[in-house]
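*Asks:* For reference, the chains in residue letters:
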Amino acid sequence: MTYLLKKSEVNQTLRAWTSKAHVYAPQKVQKYAQFLPVGEDFELSVEEPHNTRFPPKALFLPQSETLLKYNPQKRELESAKTPDQPRIIFGIRPCDAKAVTLLDSVFSSEDNPDPFWQARRDQSVLVGLGCDQPCATCFCTSVESGPFDRSGLDAILTDLGDTYAVEPLTERGVSLFENLTVASAETTQTIQAIQEKATREMPIAFGREGLKAHLDELFENEIWEDFAKSCLGCGICTFLCPTCFCFDIVDEVRKSTRERNWDTCMFKVYSIEASGHNPRPSRRERTRQRLMHKYSYWLDHTGQTGCTGCGRCVRYCPVGLDIRAMVRKSVATPSEVPHVD
Amino acid sequence: MDTAKKIVLFQCQWCLYAPEDQDWVDHHLPENVHLTKVPCTGRLDPLFILNAVQGGADGVMISGCVPEKCHFKEGNLSARRQMDEFSDFLNYVGYDEDRICFTWLDLQDRGRIQKDVAEFSKKVEALGKSHALNTRSVLPQGGAHD
Amino acid sequence: MTELENRILAEAQRLLSENLADVVIAFKQADTPLRPQPAFFTDAEAVNDLVYNGLCQNNLANYLTRYPREKKIAMVVRGCESRSVNALVLENQHPRENLYLIGIPCEGIVDWRKIVEAVGEDVLSVQDQADIVVVRTPKGEFTLDRAALMHGSCLRCTQKNPLGTDVTIGKPVAEQDPHLLRERVKNFEALGIQTRYEYFRQESERCIRCYACREACPMCYCEECFVDHTGPRWTESGVTPAGMQGWHIIRAFHQTGRCTSCGACERACPMDIHMTYLTDKLNTDMYDKYQFVAGLDAKTQTPFAAFNLDDKNRFVAGGTSK
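Residue numbers (numbering that gives the first Met the number 0), protein chains in the order written: chain A, 0 to 340; chain B, 0 to 145; chain C, 0 to 321.
These are computed hints drawn from the structure, not numbers from a lab. Where hints are given, some of them may not hold.
With a Cα cut of at most 25 angstroms, we get these calculated DSS-like pairs of lysine-lysine [unchecked claim]:
(1) A:228 x C:138
(2) A:30 x C:138
(3) C:138 x A:196
(4) C:27 x C:113
(5) C:311 x B:72
(6) C:70 x A:27
(7) B:72 x A:254
(8) A:27 x C:138
(9) A:228 x C:70
The shape of chain A in the complex, shown without the other chains:
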């Protein structure tokens, strides 16, 4: 069943939701949009065709989080409470929602789930906004996803101009949208056409047939030296990436807390060992790591590519490195490993 929600009624819908949950939606911070709690006075910012700069993965894995508190006087340890907050996240793009499901393979493992992650996942309803006009930097269709991919979503919206088409996908999604007009058969066809067109028209960034095997063969190739030359080694690509999940745990001694912060393989100190040895001593190893992790090692660990084509790393890299171009260049580079026929 597909329903119609007038754009002029979205704000009141979100406000109504706040009575049963904390609602998060993209709102402007300075000149860019970010997922913020919906309050009394809010202004939605979803008209831009691209996703928010800062990824909504932060809603599930906050950039900084207290895990433990220590009372030095009483010598007592106190675990941080797992979040207890029903949430509705409105306007999340399919690439970001799919990325959250990919991160489940890291944080929701059966034998050792992360309680903080799990609690947030269980308590969140995701209302996605599909992309009818993907940007030049989008490449979700090249990585097993698409502008209307339904992975991880409880409902998906399609922009029809002055209305949104609403397709609830789960029970929780259904319960969110009540008393909406049902879309006619004709409109439903239009919606389908929009979705298919967006998916079809996105240029394919690179072929994935045999990509992993080829990348593995290029491990010692000098191409990584080439890519690393202009790379600054900052954390922009990893922090803005919706599928990056590495973290560091630090004891903030002055605050008597143990905190978890996002970490990045792009920093030299990321892989320094207690002995001082660093298995990734130069940018060459670190740049290689980023690309290989996304397009090879993720497949080893989960069978899925660790990238959903959101395009943030391409848009915000300060030196204009484009991961798609790096993959294409890798594909075009012959490996020197002899093939045994």
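Starting from the structure of chain A, add chains B and C where the hints point.
*Replies:* Just chains B and C, lined up with the frame of chain A:
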């Protein structure tokens, strides 16, 4: 209710020549004054001052030897230049520069430290509790940047 | 290719073919329309990819510290970059004899953020054409006034013509009023201490600790940055107010007497954080208090590397001081 203004005192370990003065600093400092001894004011890094300020210091006092009388010859001169600029910079971003002061002590300055601390405490009392840059706090439930 | 690009290309090819340089550092148009990529040409053939335009927004001096001292490095430098090179040579990061500076009087760098503000983030191509910048997006083509797109640091630039170069390509450019930088600082000071703190908070607390500002800065080359120290722990690592504020305050302060106000830090930041107002203050103070400007030559010591008896006792109380 902790309303006394917190003052952090960085004391160069050589600047108090009279044993009574050093004894006063070691054992009789008013409760609201937190002492950190350094081998020379030249050891001071802006990070020391920033840590004090972020931890809630309403005033920061640095006591050292007068120029030309530094135990290590020139440490205090280097401190003077850097701390001068740093206190100016902190003022620029919101921490009143009157909350940071340096006191030079000479050989014959007996009983001065007590007066300087008392005077500075009065000044800080008048300036009131500091809120700017006083940011060392535990993360809110749910973490940050969510 | 423009005439300027052709001349740079010719010089680069000459240096490489005559073995006068091991590498020529410049820019090339790679894959993203808003950002040409820093390029490291080692053979004369590849230099054909070279570009030079107002979108070349990185400070190339940043890459100097990656090379061993024996390497002969040729580099395209604009005003601020040439000063950064001087500052690095002063700090003994590379011997001047192994540098060949191709100076280019600078017409200012286009701020990618101002383009995005005007036409949205979905940009297909950008062409810097002297007085205008033509941007193509899925919505159509836009012609923007170049002057309105200048990055803030360039609007306050005090040294557009490069210093200490081995060759200069292009006509000298008129320098601006040197007080524009100071004016900006004074205007900020005039806001009052409370407003200044609020502004500082608002800016610094958007930080995501990606350290792009640090990595883009030619003067940040420490093997171990103060934020990575764990014994003692100086600065909180996370996105806590103390951590974010501490990061910005101390990074700026570590630039005192070294920063050339190039603005590469701001251009690199993904969260649109302003930070040059911090270093501009420190740079202005170094001039006002010690008549020092970073990077004018590779000889004059920075104020913090020296001190003297006559320094003023601005904030000293008590004792028998002067």
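*Asks:* The structure should be examined with respect to each hint, and the outcome stated for every one.
*Replies:* Structure-based check of all given hints:
1. At most 25 angstroms may separate the alpha-carbon atoms for a hinted pair to count; residue 228 of chain A and residue 138 of chain C exceed this at roughly 34 angstroms.
2. Restraint check: the Cα-Cα separation between residue 30 of chain A and residue 138 of chain C comes to about 20 angstroms, which is no more than 25 angstroms; the hinted pair holds.
3. For the hint linking residue 138 of chain C to residue 196 of chain A, the alpha-carbon distance of about 17 angstroms falls within 25 angstroms, and the restraint holds.
4. Between residue 27 of chain C and residue 113 of chain C, the direct Cα distance comes to roughly 22 angstroms. Compliance with the 25 angstroms bound is thereby established for this hinted pair.
5. Taking the CA atoms of residue 311 of chain C and residue 72 of chain B, the gap is near 18 angstroms; set against the 25 angstroms cutoff, the hint holds.
6. For a cut-off of 25 angstroms, the pair hint linking residue 70 of chain C to residue 27 of chain A is broken: about 47 angstroms separates their Cα positions.
7. Annotation: proposed proximity of residue 72 of chain B to residue 254 of chain A is violated, straight-line Cα distance about 37 angstroms (limit 25 angstroms).
8. For the given pair, residue 27 of chain A sits about 22 angstroms from residue 138 of chain C by alpha-carbon distance, which is consistent with the 25 angstroms threshold.
9. Distance check on the hinted pair: residue 228 of chain A and residue 70 of chain C sit about 15 angstroms apart at the alpha-carbon level, within 25 angstroms; holds.
Violated hints for the displayed structure, listed by number in ascending order: 1, 6 and 7.
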